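Please construct the entire structure, taking both the sequences and the accompanying hints into account.
Chains as they are written, first to last, in our numbering: chain A, 1 to 248; chain B, 1 to 248.
Errors might be hidden in some of the hints.
Unchecked claim - Pairwise CB distance ranges, derived in the manner of DEER restraints: (1) B/205 - A/182: 52 to 60 angstroms; (2) A/17 - B/2: 53 to 61 angstroms; (3) A/17 - B/203: 35 to 43 angstroms; (4) B/1 - A/88: 16 to 24 angstroms; (5) B/122 - A/208: 42 to 50 angstroms; (6) B/48 - A/88: 33 to 41 angstroms; (7) B/53 - A/74: 55 to 63 angstroms; (8) B/211 - A/120: 41 to 49 angstroms; (9) A/180 - B/33: 48 to 56 angstroms.
Hints in this document: simulated from the structure, not taken from any laboratory. Quantities reported herein were computed from a predicted structural model and do not represent experimental measurements. Every residue, glycine too, gets a C-beta built ideally from N, C-alpha and C.
Protein chains: 2
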Amino acid sequence: MPVPRLFVATPLAPAAEIELGDAQARYLTSVLRLGPGARVLLFNGADGEWSAEVGSVGKRGATLVCREATRPQILSPDLLLLFAPVKRAGTDLIVEKATELGVRTLQPVLTRRTQSESVRTDRLRAIAIEAAEQTERLDVPEIFEATPLGKVLGRWDATRRLLFADEAGDARSVPPALAGNGGPAEAGGTNMALLIGPEGGFEPDERRMLRALAFVTPVSLGPRILRAETAVIAALALIQAHWGDWQG
Amino acid sequence: MPVPRLFVATPLAPAAEIELGDAQARYLTSVLRLGPGARVLLFNGADGEWSAEVGSVGKRGATLVCREATRPQILSPDLLLLFAPVKRAGTDLIVEKATELGVRTLQPVLTRRTQSESVRTDRLRAIAIEAAEQTERLDVPEIFEATPLGKVLGRWDATRRLLFADEAGDARSVPPALAGNGGPAEAGGTNMALLIGPEGGFEPDERRMLRALAFVTPVSLGPRILRAETAVIAALALIQAHWGDWQG
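This is the structure in structure tokens:
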């Protein structure tokens, strides 16, 4: 069995004691059946990964003691995903997969044809934490509150390029659209964002508005109709392979 | 509402009459609420796509009449997916997404660490048909019966190159591994296959055997641990963008 990994929201340092709340303590004792002395890996998004030892465990909580650092902190590449929430299972899948694929920030956006207006950000954050634990990330993606697309574009940082999955079909594929962009700003390139629309696509005037923005590059995801979650995963894989941390 | 698309297993030609069985007739009448005269698109994997008109509808069946061809038949690129079945929801997702991403053939393979030995191929075929209808494919991927990996490799057509997602981490990314391969054999290149292992990965001697085969190229899917279905979608997107029908 691989060593369990847990995200905690407390500082990690040599001999630091970490108090787990009810839910994580129950997971350690009831699901994983760990007792005092067992080994667990911890990360908090800032201090790298640490090996820790289970101290006391009880019904109401558990204490872990940090032993040694196992990996230095790194952040996922500065990649922002804008996605229109779809049905609950699809939205959950988008958050889980974007976490596996190393997105740093998620922004649910409301478009004209967005069907799901109520986005439970706290639930999505819990999904992102669990996916980060399993995918062995050292950070958890930040998830912003759902916001109308126009508002997000209105306050855009123009140094970030936005790839927009355009179903209309005359756009280039992702690799040529990324040519010449040597990675995130911290590696000398340009930070990226990806926009995936709702199941019904964008309204014609939303498309025109997007294509008129200087920081937007439309891209095509092939000749077939993709579900929103498939489009997210496919485009993110191409971005990580050509711009992000799947290279070399 | 987009025009409904149905896969049928009968010839399509001008004025051909198509008898739908119970399930499809119920779908047309109860879910889509279509009556006589309504328009439906049909495909059968051989005769292209046809516009058809609902003739009679009843509780036990429905009749459609072919009007005119709307798209000529094309096949998806000759891409074979070998995948180790995972839990049911994951396997369902793999079949649905491989269909959206244009895989021509699916071969479930049993590896040492494959957890699910019973693969209901008939159920997977139904999922592939529904996904082909929605993704606007003109063919439905063929799904073979689950077979031990060694047997599949033992009867391999050595003109087909197999990309093997190797979690060990020293392999190249997919785009350089595909460099120089100009598409499927019918376009002058080399037909492709992709192998994605089970959640627990391959046993060390399975890995050694795979890497020793002349037709196998190991590839890396980045620094994080991906679930099997995420790996399938990500690798297929890269293959279609660099070898298949997402280009230009």
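Hints, verified against the model:
Between residue 205 of chain B and residue 182 of chain A the beta carbons are some 40 angstroms apart, a value that contradicts the proposed interval 52 to 60 angstroms. Checking the proposed 53 to 61 angstroms range against residue 17 of chain A and residue 2 of chain B shows it holds: the Cβ atoms sit about 58 angstroms from each other. Our hint of 35 to 43 angstroms for residue 17 of chain A and residue 203 of chain B holds, since their Cβ atoms are close to 39 angstroms apart. Between residue 1 of chain B and residue 88 of chain A, the C-beta spacing of about 22 angstroms keeps the proposed range 16 to 24 angstroms intact.
A beta carbon spacing of about 46 angstroms between residue 122 of chain B and residue 208 of chain A agrees with the range 42 to 50 angstroms that was offered as a hint. The supplied range of 33 to 41 angstroms is met by residue 48 of chain B and residue 88 of chain A, whose beta-carbon atoms lie about 37 angstroms from each other. Take residue 53 of chain B and residue 74 of chain A: their Cβ atoms lie about 60 angstroms apart, and the range 55 to 63 angstroms holds. In this structure the supplied range 41 to 49 angstroms holds for residue 211 of chain B paired with residue 120 of chain A, their Cβ-Cβ distance being about 45 angstroms.
Between residue 180 of chain A and residue 33 of chain B, the C-beta spacing of about 51 angstroms keeps the proposed range 48 to 56 angstroms intact.
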